[in-house]
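K.L.:
What follows is each chain in one-letter form.
There are 2 protein chains.
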Amino acid sequence: MGNIAADPSHPRYQSLLLRHRLEQAEKQGMLAGSAMIAHGRGEAFDYLLGEQTINSARVATNHALAALRGAKRPVLSLNGNVAALAGRETLLLAEMLQCPVEINIFYRTPQRMKALLEHLGKIKLDEGIDVTILGAAPNARIPGLEGPRAKCTKEGILESDVIFVPLEDGDRCEALVAMGKTVIVVDLNPLSRSAKMASITIVDELTRVMENMLAMMSSPIEDLASNSYDNEAVLDEALHHVATKFTQTSNEA
Amino acid sequence: MGNIAADPSHPRYQSLLLRHRLEQAEKQGMLAGSAMIAHGRGEAFDYLLGEQTINSARVATNHALAALRGAKRPVLSLNGNVAALAGRETLLLAEMLQCPVEINIFYRTPQRMKALLEHLGKIKLDEGIDVTILGAAPNARIPGLEGPRAKCTKEGILESDVIFVPLEDGDRCEALVAMGKTVIVVDLNPLSRSAKMASITIVDELTRVMENMLAMMSSPIEDLASNSYDNEAVLDEALHHVATKFTQTSNEA
Chain A
15 MGNIAADPSH PRYQSLLLRH RLEQAEKQGM LAGSAMIAHG RGEAFDYLLG EQTINSARVA
75 TNHALAALRG AKRPVLSLNG NVAALAGRET LLLAEMLQCP VEINIFYRTP QRMKALLEHL
135 GKIKLDEGID VTILGAAPNA RIPGLEGPRA KCTKEGILES DVIFVPLEDG DRCEALVAMG
195 KTVIVVDLNP LSRSAKMASI TIVDELTRVM ENMLAMMSSP IEDLASNSYD NEAVLDEALH
255 HVATKFTQTS NEA
Chain B
15 MGNIAADPSH PRYQSLLLRH RLEQAEKQGM LAGSAMIAHG RGEAFDYLLG EQTINSARVA
75 TNHALAALRG AKRPVLSLNG NVAALAGRET LLLAEMLQCP VEINIFYRTP QRMKALLEHL
135 GKIKLDEGID VTILGAAPNA RIPGLEGPRA KCTKEGILES DVIFVPLEDG DRCEALVAMG
195 KTVIVVDLNP LSRSAKMASI TIVDELTRVM ENMLAMMSSP IEDLASNSYD NEAVLDEALH
255 HVATKFTQTS NEA
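Note that the protein sequences, when read in sequence, are chains A and B.
The letter at position 166 of the first sequence is residue 180 when you use my numbering, and the numbering goes up by one with no holes.
The letter at position 242 of the second sequence is residue 256 when you use my numbering, and the numbering goes up by one with no holes.
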């Protein structure tokens, strides 16, 4: 796989590159035991989307970025898979937005936190990115959650008004929405609880989303007041897109 | 997860149990690097099926078993994931069919072969199952394939007339079909190349398939001549089933 991943003209290059990043992250102890299986589920849904940013995902991404740019206290949350797949792009976006990132993992162990802090710290240093990385010393809790997964920081997630939490678990998404925040998720499954609960759901693959957001940062900030956004319609378009793939193929057979 | 996996009343018991088997197999060196991601893709498609054996899958399973029971030289092929998830059930079925099993892995290394042979050997011993396990010493090649993935045994895969190859790669499925064999695959993705290429495609989760086959072994052998089987219709029903899930949910929203 090392050879294939080094050849960008290979048709599976992007997919193999993402796998390679996860394998490296696993060796570094950044990932939970379920990380690879979760990634595989994502691969299946991305395959159904045609491995492309569909129109409704672009609309949602645009709206999400406008919400982050217009926020008083935005924060970008990273878990293990996000740090592995798009740690660099998340830090770059945070620097542009002048907001902190917060490491916020569902299965929290000191070893994983240390590995994630080291990984992001190295990217910051290598790329000369000036961003505050929160999460090492949680001093608050997300109401409605139990155990270590509730831990967060006061100056980051707790007091944020707009939070970007890609690849988030349904329970945590629900708890963040219940706090009155604008919650932006990236989830390839339009039927998932996170997708249904979030304020803004981007049904797209994370590295494409980050690339789109970084590109969109060069446009002027959009006025959200003049922009009616309907998350149900966004999910609906994703569902129809996938359903059409199945029925078209079925009719061709 | 140890605790949850021990409680069959947990709603995710079956799913967690399968993950647990894969984690154990990974520790034993039985799996390829992509095994967990492949399992995740399967989980996503099974979620879309509703984690149930749909009617067309039952029809295909029944027909597949009839083909195996009526075969002159049937063989059951196992890769790492199959051995991990349903090694015991595959050996039990082979014993009932009085046919050999063959370990046949895409990413072949001596270490993986050894781990797989040990795993299956232990099951044979523990359960007192009398089955020939082929694959340790390949003495033939599947025409049309290159490299280690072409290796097989003359007395097993090469000379078989009906072959059961769950979770098979598209290239290998195609090569086996080109040899004129009746090729039975288990694949949760009805759009995959294996699903489309195979003689009989069971769109269902492997452990459910094995359970169904073992149960069906107590019925009399079906007469295939009187049973018109249409694999395209079977795939079509699976596609419609999934598409309906998307459109129904979409309409409810």
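Just so you know, these hints were derived from the structure itself, not from any lab.
All C-beta atoms, glycine included, are put in the ideal place defined by N, C-alpha and C.
One or more of the hints may lead you astray.
Stated by the list, open to error - Among chain B residues calculated to face chain A with C-beta under 8 Å, some are: (1) Gly47; (2) Ile68; (3) Gly135.
Said to hold, decoys possible - Over 12 Å on every C-beta distance to chain B, these chain A residues come out as not near it, computed from the model: (4) Gln28; (5) Arg33; (6) Leu36; (7) Gly56; (8) Asp60; (9) Arg83; (10) Ile143; (11) Ile156; (12) Ala164; (13) Ser233; (14) Tyr243; (15) His255.
K.L.:
Is the nearest CB of chain B more than 12 Å from the CB of Gln28/A?
P.N.:
holds (14 Å)
K.L.:
Going by Cβ atoms, does His255/A stay more than 12 Å from chain B at every point?
P.N.:
Violated: least Cβ distance 9 Å, not greater than 12 Å.
K.L.:
Taking the closest pair, is the beta carbon of Arg33/A still more than 12 Å from chain B?
P.N.:
It is violated; Arg33/A is separated from chain B by about 6 Å at its closest Cβ, not greater than 12 Å.
K.L.:
Beyond 12 Å on every Cβ pair: is that true for Ala164/A relative to chain B?
P.N.:
holds (19 Å)
K.L.:
Can we keep the Gly47/B interface hint, with Cβ of chain A closer than 8 Å?
P.N.:
holds (7 Å)
K.L.:
Do the numbers back the hint for Ile68/B, that is, is its least Cβ distance to chain A under 8 Å?
P.N.:
Violated. Min distance 14 Å.
K.L.:
If we take the beta carbon of Asp60/A, is the closest beta carbon in chain B still more than 12 Å away?
P.N.:
Asp60/A not clear of chain B: closest Cβ-Cβ about 10 Å, inside 12 Å.
K.L.:
If we take the beta carbon of Tyr243/A, is the closest beta carbon in chain B still more than 12 Å away?
P.N.:
Fine: 15 Å to the nearest Cβ keeps Tyr243/A off the interface.
K.L.:
Grab the minimum beta-carbon distance between Arg83/A and chain B and tell me whether it stays above 12 Å.
P.N.:
holds (28 Å)
K.L.:
Please check whether the beta-carbon of Leu36/A is more than 12 Å away from every beta-carbon in chain B.
P.N.:
Leu36/A not clear of chain B: closest Cβ-Cβ about 8 Å, inside 12 Å.
K.L.:
Please check whether the beta-carbon of Gly56/A is more than 12 Å away from every beta-carbon in chain B.
P.N.:
Violated: least Cβ distance 8 Å, not greater than 12 Å.
K.L.:
Against chain B, does Ile156/A hold up as non-interface, every C-beta pair farther apart than 12 Å?
P.N.:
Non-interface label on Ile156/A holds, nearest chain B Cβ at 22 Å vs cutoff 12 Å.
Hint check: violations occur at hints 2, 3, 5, 6, 7, 8, 15; the rest are consistent with the structure.
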